[in-house]
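Asks: Note that the protein sequences, when read in sequence, are chains Y and L.
Note that our numbering has the first sequence beginning at 662, numbered continuously upward.
Note that our numbering has the second sequence beginning at 11, numbered continuously upward.
It is worth saying that the hints were derived from the structure and are not from the lab.
We treat Cβ as the ideally placed atom computed from N, Cα and C, and that holds for glycine.
This list has only true hints and no planted wrong ones.
Taking lysine-lysine and the DSS-like style, the derived pairs with C-alpha atoms no more than 30 Å apart in a straight line are:
| # | chain 1 | residue 1 | chain 2 | residue 2 |
| --- | --- | --- | --- | --- |
| 1 | Y | K761 | Y | K779 |
| 2 | L | K138 | Y | K760 |
| 3 | Y | K760 | Y | K779 |
| 4 | L | K138 | Y | K761 |
Chain Y is nowhere near these chain L residues, computed Cβ spacing over 12 Å in every case:
| # | residue |
| --- | --- |
| 5 | I36 |
| 6 | I44 |
| 7 | R51 |
| 8 | L62 |
| 9 | F80 |
| 10 | E83 |
| 11 | P87 |
| 12 | Q98 |
| 13 | L178 |
| 14 | A205 |
Derived Cβ-Cβ restraints for the label pairs, each shown as a range:
| # | chain 1 | residue 1 | chain 2 | residue 2 | range |
| --- | --- | --- | --- | --- | --- |
| 15 | Y | L758 | L | L178 | 49 to 55 Å |
| 16 | Y | D781 | L | A47 | 36 to 42 Å |
| 17 | L | A28 | Y | S729 | 54 to 60 Å |
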Amino acid sequence: MSGATVLSVSDLRVELHSRRGSFALTADALELNAREALVILGPNGSGKSTLVRTLAGLERPASGRVASVATGPVTMVFQRPAPLAGSVAHNVRVAFLGKKLSGSERRARVVEALQRFKIDHLAEHRAATLSGGELRRLALSRAFALRPAVLLLDEPFAALDADGQAALSLDLRRAISDTGVAVAMVTHDLRRAMLLADRIAVLINGRLVQVGRRDDVLERPSTPEIAQVVGMTNLVQGVVGGDRRGDLATVEVDDQHRVAAHTECAAGTRVWVGIRPEHLKLDVGRGDVDPIGKGVVREIINDGVSVSIGVDWAGSELRTHLMAGRGLARTLAVGAEVSLSANPEHVHLIPVCSD
Amino acid sequence: MNPPSIGLLIEITARTLAVCLPALAISLAVGLPIGIAIGGRRFAGRVPLVSLINTGMGAPPVVVGLLVYFALERNGPFSELKWLYTNQAMVLAQVVIALPLVVGITLAAVAALDEDWELQVRTLGVPKRWRMWLLLREIRLGLLAAVITALGGILSEVGAVMAVGGNLEGETRVLTTSILMYTQMGELEIALGLAAVLVGLMLVLAGLLTAVQQSGRT
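Pulled out of the complex, with its shape left as it was, chain Y reads as follows (with noise of 0.2 Å):
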């Protein structure tokens, strides 16, 4: 459950200049609320890191303002974290440097923090020792050492394994929870995102563009970029027909392949039509209710946990995911053609116009 606002942006742009170029970040508003995690997200060199960077003070901005009126610490993990020299637990000690705390409340918050994050065994090995996962965990165990009221972390889980990007957002999801840590994470793994946000930003190109609740966001992007940042990679264009059952429309994409959507668009707009592809229905019999029409199977991706699925239809791929191992992802083979189902409450339309 969220609550007051901790830090606030407010027409902010922030100018960097290198020899490599110029780059610009705008953001009109941001608010970042006690007891929640916000996400942002974006592809690569949209700003990101520069907007979390201006949250915790390291950047100046050229225009507007950051507001903290947060009542604890602020402090950030960084994409890469420097291990200080010295030990495991060295490193944690180091945030109470200059700060009013006595010997045995500074020993038992390093216990805390590093057993916070599992790596107490660790206390006394050189930290320069550590492996990539074991660096993140101690600089995520320093920052709520300090108990934060809020918390920024730049791409926490980049060049992190698999296992090991899954163990340490577990761990990070329930470390934020214990302690009500306001949070504002950025990173470009939509599933991480998708396990901790409690709200969603979107940067494109240097613009805050969106912003929301996780699911608003994720279920109604306000542009086709944004679709496709937040994975909703299935879009195709079609016109709203003239046929309508109060706000129940039919998207119109080709002779042959018609889409059931709410929508107020008059009859005649041209849109986006966005589907997530967990919300992709396939069928090798007569379809599911909500049928969209048929296609062809192209590719079949197997990575032993989950199977994504590449389908023509009306001249597009679309994707879908089905479990590894049952039903039809274990027979499908390539070339099969199959039958496409969408709830018309997960279809999502985009007026072309908003692109």
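With chain Y fixed as given, assemble chain L onto it according to the hints.
Replies: Below, chain L alone, put in the same frame as chain Y:
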């Protein structure tokens, strides 16, 4: 020629230390902050400045001695100081020799840190004075290398101190100038003895610094 008495040897050694140690202290006091400032920042003109420092690191001591001589001689800009042929002149020359070594090695040690190192410590809310302590701790191996290199450069230097000190008996004669003088006089045994004292001195000081350096490794 009679070999130098033990008393004279002690006097020359003591004078050597009396010149070298203040020169080392001044070089560190001035060079460390400059090295840290240049190593940790990016600014216009940094590359030519670093290039100048690197050139200074390899500057021939005898040329440094000549420049200091011109600065201090009676028509020089600092003739009022009346330092020529005094210990102060030798300290000044040695500072000019050691300063680029200290600055160059310190800035290399700071520049080798992760570029976000300072920011990472800053975001933990560590106050500035503690950040400086952490930085010195972080680059301590580089710092000790700077101290050892500067000490070696100062202690073994002969051209500059000869030029500005003059090797005056009882006043500005130090180990290196004595060795040179006795060698020129053909008193090779005495020169070798003095050289052994000089090398021993360097061994003791470098050994102490190395012990400090290695004890800091955890």
